[in-house]
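Colleague: Each chain, letter by letter, is given below.
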Amino acid sequence: MKYLLIMQVNPAVLEALTEEENKMIMDGHEAFMKATQESGEFILTQALADPANTKVVHGGGVAAVTDGPFLEAKEFMGGFYLIDVETEERAVELAKLIPDTKVKGLAIEIRPVMFSAGADL
Amino acid sequence: MRSREIEDLLRRLAPRVLGTLVRRHGQFDACEDAVQEALLAASVQWPAEGVPKEPAGWLVTVAGRRLTDQWRSEAARRQRELNVSTDPSPDEDLTRHVDDTLKLLFMCCHPELSAPSQVALTLRAVGGLTTAEIASAFLVPESTMAQRISRAKQKIKGLGFPEGPERLPAVLHVLYLIFNEGYNATSGPDLQRVELTAEAIRLTREVHALVPADGEVAGLLALMLLTDARRATRTTAAGAMVPLEEQDRGRWDRARIDEGVALITRTLAGSAPGPYQLQAAIAAIHDEAPTTEETDWPQILVLYKLLDRMAPNPMVTLNRAIATAMVHGPEAGLDLLASLDEDKRVAGHYRLDAVRAHLLDLAGRHEEAREHYREAAKRTFSLPEREYLLRKISG
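Chains as they are written, first to last, in this note's numbering: chain A, 1 to 121; chain X, 1 to 395.
Hints listed in this document are in silico derivations from the structure and should not be mistaken for laboratory results. We put the CB at the ideal spot given by N, CA and C, even for glycine. It cannot be assumed that every hint is accurate.
[Unchecked claim] Quick list of the computed label-pair ranges, beta carbon to beta carbon: (1) 102/A - 381/X: 24 to 34 Å; (2) 150/X - 59/A: 41 to 51 Å; (3) 160/X - 71/A: 50 to 60 Å.
The shape of chain A in the complex, shown without the other chains:
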């Protein structure tokens, strides 16, 4: 079963991190990628640019385009891992390995994938 592990990022929390905590997070993501690649559960990961760079095409006859994220919120999707695991329990187990889960105010959202298609998949 495929799951999307979404890094829910709070910029205020990120800004307040110490250099040490930043390093911990970077090293932790590298270790996570290595571990899930080694286990054959890793499919892909993408890190997304800051919401300031986002544009939205709004539905409707006119299809207006605005700058900024879709939802005005404290948190936004910073990036995600697409993994293929045996059970939901394993997806949760892996999510807990992501270093963001050590930082109060950050979170990992776990969503099951219903349909897959793509160049490599």
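Fit chain X to the given chain A structure using the hints.
Modeller: For chain X alone, coordinates are given in the frame of chain A:
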């Protein structure tokens, strides 16, 4: 022999050859590489020079030579006792080959491996599918699947052949998983998924040929044939799901049905039936009925009761509830479902809501039915299934 026939021959011989080499030398990893090279050599040479008189022997010899070459060039390796003859060995007697292929299957389906690893390794080593083909079938990148297979091979290096009566059921379970993956696939190009069901049937046929006396092997093969027979009618051209009662039975594969029915009939005449045989018997009743209404539901109910006792499982109970409704009316079926409400294994599972909705519809309780269709639609991970359930709400 034409190129396609040579391909098929090589795929059939590959597990036997691998099994022979592993039996002689151990080192699954190295043997696999050597066999791959021998197969490649054969696929290049045989179309040009003709298939050798003893094709299996040829492959064993060539693969054996590759192995010794490999070991000789590894200076750090310990001295190993090599027992490879340099003359083409005659095809060893059938019993030996039988043992080797079965042993290979037992190894690939080792209980210490996770189910996805068992499936991937079986398709690779016994099925002869390429890593790319397997990755494609499971909609993961090739590198992910390659790593999974590599890891599985590493793991079984340290394990001995599984012993004991559970090892054949383990193999059957893996074959069943492969079939199910192909049959219930809901995403990706259809073609690849059909490859999986065909592969599952082919491998199960082989096991059946190897252990013809085993009722559960025959039962599983019959179940696959009888289920696969309906494949053409399960989806519309657009990919929408068609439930059993709406399928165009004229388009079911009669040849598959006849084969499956003959097989299960023969098998049931033997010993007491196991779960696969019971499921095959139920499938046979469905496949032989001209319409849903003319289906022998009382007989199906008897079989589900047996199955529920033999291998209790909430999914079986769900099917039993449907059969109960067809025999004793929808309220009786709904009463049976109530017993599942407390079952943690199935609580919140979309099928519980879907079956309940179906029975409520039959009972004329349409408003309640719609509620449960809605819940089921939210919880299913299958797109065609979800679309079907949403249509039931509006339709």
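Colleague: Indicate, hint by hint, whether the structure satisfies it.
Modeller: Status of each hint after checking the structure:
Between residue 102/A and residue 381/X the CB atoms are about 30 Å apart, so this pair conforms to the stated range of 24 to 34 Å. Look at residue 150/X against residue 59/A: about 46 Å separates their beta carbons, and that is inside 41 to 51 Å. Range check, residue 160/X to residue 71/A: Cβ separation about 56 Å, and the 50 to 60 Å hint holds.
Comparing the model with each numbered hint stated earlier shows that all of them hold.
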